[in-house]
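A.B. asks: For the record, the sequence lines run as chains A and B.
So the first sequence is residues 1368 to 1497, counted in our numbering.
So the second sequence is residues 1460 to 1559, counted in our numbering.
What you were told as hints is all true, and nothing was included just to trick you.
Quick list of simulated restraints, FRET-style, between CB atoms:
hint	chain 1	residue 1	chain 2	residue 2	range
1	B	1545	A	1419	55 to 65 Å
2	B	1462	A	1381	52 to 62 Å
3	B	1485	A	1369	31 to 41 Å
4	B	1482	A	1405	43 to 53 Å
5	B	1472	A	1413	41 to 51 Å
6	A	1454	B	1471	23 to 33 Å
7	B	1471	A	1381	49 to 59 Å
8	B	1541	A	1374	49 to 59 Å
9	A	1371	B	1470	42 to 52 Å
10	A	1382	B	1524	23 to 33 Å
11	A	1431	B	1547	49 to 59 Å
12	B	1537	A	1385	42 to 52 Å
Derived by calculation from the structure, the hints in this document are not laboratory data.
Ideal Cβ placement from N, Cα and C applies to all residues, glycine included.
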Amino acid sequence: MKIHLTSVFVDDQAKAERFYTEILGFVKKHDVPLGETDRWLTVVSPHEPAGTELLLEPAGHPAVKPYRDALVQDGIPLAQFAVDDVQAEYARLRGLGVHFTQEPLEMGPVTTAVFDDTCGNLIQIATEPK
Amino acid sequence: MADDLFKALADPTRRTILDELTEKSGQTLFEICSRLSMKHQLGISRQGVSQHLAVLEAAGLVETRREGRYKFHDLNTTPLRHITERWPVPDTPGPEKSTS
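So that you can see chain A by itself, here it is in the shape it has in the complex (with noise of 0.2 Å):
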């Protein structure tokens, strides 16, 4: 068994396409049109391009609103990216004007960083242990 794909709950999917590749950096892989307005918007890695696809997911159910809401009031990241350099990262986002509710943070060998995604989640960047 492996991870193939994961997902994200987006408010408005034209909206994180823009966010998660202008911003983020990822690359649409698949673009499917599904009933009227929703589609099947998975993005991935530049780097992994046949890697773990993120699905970004449209947030419509009645569930998912107060589930995001409650997660993010607290503070709790819905998805975790690995990144080279959390500082790095952080900074560059930061110009772009990406709000982070956390900065990043040294704990023994793991640097983490917790922003909003402007779809209505937060993500955490962390580094991998080495």
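Please build the complex by placing chain B on the supplied structure of chain A, with the hints as guidance.
C.D. replies: Only chain B this time, still in chain A's reference frame:
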């Protein structure tokens, strides 16, 4: 209020939370939990941390602030004045002579 203060300070985990908020005020619950588990190896549930924060908040040592969809915890050391008002600390020498 004073009883709440002493009760809040009596617990080592709560003192650790105050230490971490001294290092940086304005933390989410998630960040506080991360610091306790990763920096201090305190295996404590999120609910447990929430309960400790509630005790600190009742004592006035922690204040919560909502900013849009987020909630942050700030340190407020003002209630600690109760201690030195009750048991005054002798005047310290001038700043030049003070050692720390």
